[in-house]
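Protein chains in written order, with the numbering used here: chain C, 1 to 112; chain G, 1 to 111.
Hints listed in this document are in silico derivations from the structure and should not be mistaken for laboratory results.
Ideal Cβ positions, reconstructed from N, Cα and C, are used throughout, including at glycine.
One or more hints might be untrue.
[Said to hold, decoys possible] Restricting the straight-line Cα-Cα distance to at most 30 Å, the calculated cross-link-like pairs of lysine-lysine (DSS-like) are:
| id | chain 1 | residue 1 | chain 2 | residue 2 |
| --- | --- | --- | --- | --- |
| 1 | G | K11 | C | K99 |
| 2 | C | K99 | C | K57 |
| 3 | G | K11 | G | K53 |
| 4 | G | K70 | C | K99 |
| 5 | C | K56 | C | K99 |
| 6 | C | K59 | C | K99 |
| 7 | G | K70 | G | K57 |
| 8 | C | K56 | C | K70 |
| 9 | C | K99 | C | K70 |
| 10 | G | K11 | G | K70 |
| 11 | C | K99 | G | K53 |
| 12 | C | K57 | C | K70 |
| 13 | G | K57 | C | K99 |
| 14 | C | K59 | C | K70 |
| 15 | C | K70 | G | K57 |
[Stated by the list, open to error] Part of the chain C face toward chain G, derived, beta carbon under 8 Å:
| id | residue |
| --- | --- |
| 16 | Q33 |
| 17 | E41 |
| 18 | P43 |
| 19 | L45 |
| 20 | L88 |
| 21 | Q98 |
| 22 | K99 |
| 23 | L100 |
| 24 | G105 |
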Amino acid sequence: TQLLEQSPQFLSIQEGENLTVYCNSSSVFSSLQWYRQEPGEGPVLLVTVVTGGEVKKLKRLTFQFGDARKDSSLHITAAQPGDTGLYLCAGSEIQGAQKLVFGQGTRLTINP
Amino acid sequence: DAGITQSPRHKVTETGTPVTLRCHQTENHRYMYWYRQDPGHGLRLIHYSYGVKDTDKGEVSDGYSVSRSKTEDFLLTLESATSSQTSVYFCAIRGSNQPQHFGDGTRLSIL
Numbered sequence: 001t002q003l004l005e006q007s008p009q010f011l012s013i014q015e016g017e018n019l020t021v022y023c024n025s026s027s028v029f030s031s032l033q034w035y036r037q038e039p040g041e042g043p044v045l046l047v048t049v050v051t052g053g054e055v056k057k058l059k060r061l062t063f064q065f066g067d068a069r070k071d072s073s074l075h076i077t078a079a080q081p082g083d084t085g086l087y088l089c090a091g092s093e094i095q096g097a098q099k100l101v102f103g104q105g106t107r108l109t110i111n112p
Numbered sequence: 001d002a003g004i005t006q007s008p009r010h011k012v013t014e015t016g017t018p019v020t021l022r023c024h025q026t027e028n029h030r031y032m033y034w035y036r037q038d039p040g041h042g043l044r045l046i047h048y049s050y051g052v053k054d055t056d057k058g059e060v061s062d063g064y065s066v067s068r069s070k071t072e073d074f075l076l077t078l079e080s081a082t083s084s085q086t087s088v089y090f091c092a093i094r095g096s097n098q099p100q101h102f103g104d105g106t107r108l109s110i111l
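Take these sequences, add in the hints, and give me the full structure.
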């Protein structure tokens with residue numbers, strides 16, 4: 001069974017600070033997705049990383065896929081209250097129906 | 001969200017009763033998935049479908065069955081609901097070479 005360990009599970013910081021969320025596994029994934037989820041809604045895709053070592057930027061968010069495609073990180077620069085939410089990483093299997101394995105999630109709170 | 005609708009959005013029922021959740025899509029996507037979300041576990045795959053009448057088990061399939069008689073609908077059934085199945089259930093759809101797109105969930109409480 002593939003597992004994804006996401007850390008930290010809870011993070012509360014002040015506006016303007018930087019933060020990093022980690023997603024680690026002993027398994028290799030064909031791709032890794034990062035989602036953001038608001039209360040009462042489903043997860044919304046932020047980014048997909050496919051290639052080992054790949055870095056993608058989405059405004060103040062930087063996503064990196066590990067060289068061995070077993071881990072990933074999400075870095076937020078100068079966090080803002082609007083970044084508050086639940087962040088989920090999910091790894092996709094290499095073949096077939098591309099079933100997703102999710103990390104436990106990181107509940108991020110940015111205080112004004 | 002556009003393209004995917006889950007019903008009902010909320011349901012409260014009693015232990016031992018059957019429950020069916022519906023996922024409806026208007027995108028004509030081949031793949032459909034059912035997940036449950038519980039605190040500390042993220043989302044876990046229950047069952048998925050890769051075409052009409054083609055389904056397979058996920059990580060936490062015990063106590064659940066699914067059916068897909070047409071492309072647009074994927075049903076999740078709890079034959080005899082238990083309190084451990086209290087959760088938020090999400091449906092997702094996926095087209096070929098596309099990421100999964102999620103519905104807004106069904107909050108199910110089993111008393």
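Outcome of the hint check:
| no. | hint | result |
| --- | --- | --- |
| 1 | K11/G with K99/C | holds, 27 Å |
| 2 | K99/C with K57/C | holds, 25 Å |
| 3 | K11/G with K53/G | holds, 26 Å |
| 4 | K70/G with K99/C | holds, 21 Å |
| 5 | K56/C with K99/C | holds, 23 Å |
| 6 | K59/C with K99/C | holds, 28 Å |
| 7 | K70/G with K57/G | holds, 19 Å |
| 8 | K56/C with K70/C | holds, 17 Å |
| 9 | K99/C with K70/C | holds, 16 Å |
| 10 | K11/G with K70/G | holds, 24 Å |
| 11 | K99/C with K53/G | holds, 18 Å |
| 12 | K57/C with K70/C | holds, 19 Å |
| 13 | K57/G with K99/C | holds, 11 Å |
| 14 | K59/C with K70/C | holds, 25 Å |
| 15 | K70/C with K57/G | holds, 24 Å |
| 16 | Q33 | holds, 6 Å |
| 17 | E41 | holds, 5 Å |
| 18 | P43 | holds, 5 Å |
| 19 | L45 | holds, 5 Å |
| 20 | L88 | holds, 6 Å |
| 21 | Q98 | holds, 7 Å |
| 22 | K99 | holds, 6 Å |
| 23 | L100 | holds, 6 Å |
| 24 | G105 | holds, 5 Å |
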